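Chains as they are written, first to last, in the numbering used here: chain A, 705 to 959; chain B, 705 to 959.
By construction, these hints were calculated from the structure, which means they are not laboratory data.
There could be a bad hint or two in this list.
Listed next, with one range per pair, are the computed distances between beta-carbon atoms [stated by the list, open to error]:
| id | chain 1 | residue 1 | chain 2 | residue 2 | range |
| --- | --- | --- | --- | --- | --- |
| 1 | B | 914 | A | 729 | 15 to 21 Å |
| 2 | B | 826 | A | 720 | 38 to 44 Å |
| 3 | B | 790 | A | 877 | 39 to 45 Å |
| 4 | A | 849 | B | 734 | 37 to 43 Å |
| 5 | B | 816 | A | 718 | 41 to 47 Å |
| 6 | A | 762 | B | 822 | 37 to 43 Å |
| 7 | B | 874 | A | 720 | 39 to 45 Å |
| 8 | B | 817 | A | 772 | 24 to 30 Å |
| 9 | A | 859 | B | 768 | 50 to 56 Å |
Using 27 Å as the maximum straight-line C-alpha spacing, the simulated DSS-like pairs for lysine-lysine come out as follows [unchecked claim]:
| id | chain 1 | residue 1 | chain 2 | residue 2 |
| --- | --- | --- | --- | --- |
| 10 | A | 824 | A | 790 |
| 11 | B | 876 | A | 775 |
| 12 | A | 837 | B | 876 |
| 13 | B | 775 | A | 876 |
| 14 | A | 790 | B | 775 |
| 15 | B | 790 | B | 821 |
Given the structure is predicted, the values throughout are model-derived calculations rather than measurements.
In this text, a Cβ means the ideal position worked out from N, Cα and C, and glycines have one as well.
So you can see what is in the structure, the chains are spelled out below.
2 protein chains.
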Amino acid sequence: MKEVRYFYVPDAANQVELPIEEATHALRVLRLKGGDEIFLMDGEGSFYRAEVTAASSKRCLYEIKENMPQKRAWKGHIHLAIAPTKMMERIEWMAEKATEIGFDELSFLNCQFSERKVVKTPRIDKIVISAVKQSHKAWKPVVKELESFKEFIQTPRPGRKFICHCYEEVEKKDFFTEINSCSMDSDASQDSSASQESGADDITVLVGPEGDFSIDEVRLAVENGYESVSLGTSRLRTETAGLVAVHMAHIARRI
Amino acid sequence: MKEVRYFYVPDAANQVELPIEEATHALRVLRLKGGDEIFLMDGEGSFYRAEVTAASSKRCLYEIKENMPQKRAWKGHIHLAIAPTKMMERIEWMAEKATEIGFDELSFLNCQFSERKVVKTPRIDKIVISAVKQSHKAWKPVVKELESFKEFIQTPRPGRKFICHCYEEVEKKDFFTEINSCSMDSDASQDSSASQESGADDITVLVGPEGDFSIDEVRLAVENGYESVSLGTSRLRTETAGLVAVHMAHIARRI
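Assemble the whole structure, with the sequences as input and the hints as a guide.
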């Protein structure tokens, strides 16, 4: 039995050829030939069954045979905005694992106590694409460039917005309890497509750097409509907190 | 302000000296001297405030000043039994992250489709200890040696037992829904110490190797009282499935 081969091809329906990296893999590793069946993922909700029509040493042309639109596995838009860790590999595994579990957008924040001010987002994007393929996700999470904390929180966003932090002096609710109760309400309305449109199920959650957000940043976020929350009693590293937040959001929003 | 220094000292109350590795760190890296305050974690529920009484080049003696028994952050015993992955570093990060989140026991299973038949558990135990210290956990998860799948499932265990797998032909319930509803019942009884004693809140969950359990293994587990479950619709790598299972159990049992 042949294994099903998935290739990531943005805008696959309007293309006729695999992107260069995917073509290299198809031709050199899998040794595909004309007539072979392949599956394309456009990262925006569709898989396509296609056939290789021509394969040279470097190029792989295809013809789409079937459009297979996929069902969403969770409601709303799950957006994690996190301060990158000093050791980049820690954020890299988090990006891989969060993609496997299922989320929509990854932003990087430049915070007051950030030790890292540069992020190679193309490298993170590659890791995300690889996890999308490996875990057969129909939607590819969007990876954003690093931006300033202030700019990020001042950008309007639909749905509920949360900032996770460890300050005792700022009142905190429990993140999972908050998003879970909200989700049950929208279950009751039985109209998930309407809430998908309105953004009512959307979750934006902020996770700070190794030294946490500054208390001024927390207060500024609260002033900008972010709810102050805790991820629980466990003391978590930045990247673990990011993954825990994504997983909680995924559980609360899964369909 | 001096940072609080935590040292892992099994049976700390009955010892008077830091174990050799901890002593090396205390003396060479932190350069502690007689009179310095340190904190000991015994990995079994207690922290101790102690004072360094004598420090030579290799040995560090202490005297306990205060016993600080810690409260448990979750109910019951959370036990993950997992088939080790081909690449050991994947299980290593899972052990670190699961410890940060909070669980009690990690077992390794030798399964029919296991690609790895050897696990260096002392190395995993070191990673777990380091995560216990870093995340200030009062209880150290126990790390067990690799054992055969059959032996493991035939050992009697209190509480509920689950096997996660991907077979369509074996009926599966949703793991999180199952453990969450059970937890709500025991919340209602308001008697968590009794359920802690009885093991009613205990969760044992099995995660298979890259190629999944064999269907015979799944059936054998079910015959031995394991409930057949799914972790959701996402296709997860072995180590991600292990972490997701631990995190779900932690959420369902947190106090």
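For each hint, the structure was consulted:
no.	hint	verdict
1	B:914 <-> A:729: 15 to 21 Å	20 Å, holds
2	B:826 <-> A:720: 38 to 44 Å	55 Å, violated
3	B:790 <-> A:877: 39 to 45 Å	42 Å, holds
4	A:849 <-> B:734: 37 to 43 Å	39 Å, holds
5	B:816 <-> A:718: 41 to 47 Å	45 Å, holds
6	A:762 <-> B:822: 37 to 43 Å	42 Å, holds
7	B:874 <-> A:720: 39 to 45 Å	42 Å, holds
8	B:817 <-> A:772: 24 to 30 Å	29 Å, holds
9	A:859 <-> B:768: 50 to 56 Å	53 Å, holds
10	A:824 <-> A:790	13 Å, holds
11	B:876 <-> A:775	20 Å, holds
12	A:837 <-> B:876	25 Å, holds
13	B:775 <-> A:876	21 Å, holds
14	A:790 <-> B:775	32 Å, violated
15	B:790 <-> B:821	9 Å, holds
Of the numbered hints stated above, those contradicted by the structure are hints 2, 14, listed in ascending order.
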